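Undergrad: What follows is each chain in one-letter form.
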Amino acid sequence: SQKIEQNSEALNIQEGKTATLTCNYTNYSPAYLQWYRQDPGRGPVFLLLIRENEKEKRKERLKVTFDTTLKQSLFHITASQPADSATYLCALDILMDTGRRALTFGSGTRLQVQP
Amino acid sequence: EPEVTQTPSHQVTQMGQEVILRCVPISNHLYFYWYRQILGQKVEFLVSFYNNEISEKSEIFDDQFSVERPDGSNFTLKIRSTKLEDSAMYFCASRYSPQSSYNEQFFGPGTRLTVL
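Sequences listed follow chains A and B, in order. Under this note's numbering, the very last position in the first sequence is 115; numbers go up by exactly one each time. Under this note's numbering, the very last position in the second sequence is 116; numbers go up by exactly one each time.
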């Protein structure tokens, strides 16, 4: 069966450290992988998109890697701050039976950055 | 900065009643979506809409659900006869995406639907 797994339910780190979040998937061949941030009671906010032919993408303190052989993406936040505390969602662009695509989300990893 | 808006922010209804959730996508976007998130669970795709018709829908999107773009700005999700298990946050999203490229979806703040 198709699955998207994100590492552990919660990740606690100290301010200033690098947070690394993992997204593993099975039985998918996504053309794109996206990372979103979700705060409690709010909608997801797009952070980064990486294509299947890209290995790495950066945006300010954020870095995403995408290994289609391992079927894994790593999401890094460097120099983390308490304001980075949120749930981070991995989302895969999945080809449906109809030939069209739909975004499928993982369950998310809750990050807590301690001051 | 343009954003997706949704109304109401919270809707309480009795089981069996019809509800309409409203969304105003970003004005130049071409693709529109509805997702739901049951409390404590993952965001789940419901339906996508392009060129005035449904382009994809999930197993969740059964005959009780319908979507409409009644004018140039609004995008609605109707649940004909609500069930207790329809209680969730419902998110609308939109995407620009000209044919030659793919880009991210912009989500609204959500409507919390509570079915009693």
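Quick caveat, the hints were computed from the structure, so don't treat them as lab data. Model, not experiment: these values are computed from the prediction. Take these hints with a grain of salt, some might be off.
[Claimed, not checked] Pulled from the structure, derived: some chain A residues nowhere near chain B, Cβ distances all over 10 Å:
hint, residue
1, N7
2, N12
3, E56
4, D84
5, L103
6, V113
[Unchecked claim] Examples of chain B residues lying across from chain A (beta carbon under 7 Å, computed):
hint, residue
7, K42
8, S55
9, E56
10, E59
11, F65
12, F91
13, F107
14, P109
15, G110
No residue lacks a Cβ here, since even glycine has one placed at the ideal position from N, Cα and C.
Undergrad: Could you tell me which of the hints above the structure violates, numbers in ascending order?
TA: 5, 10, 11
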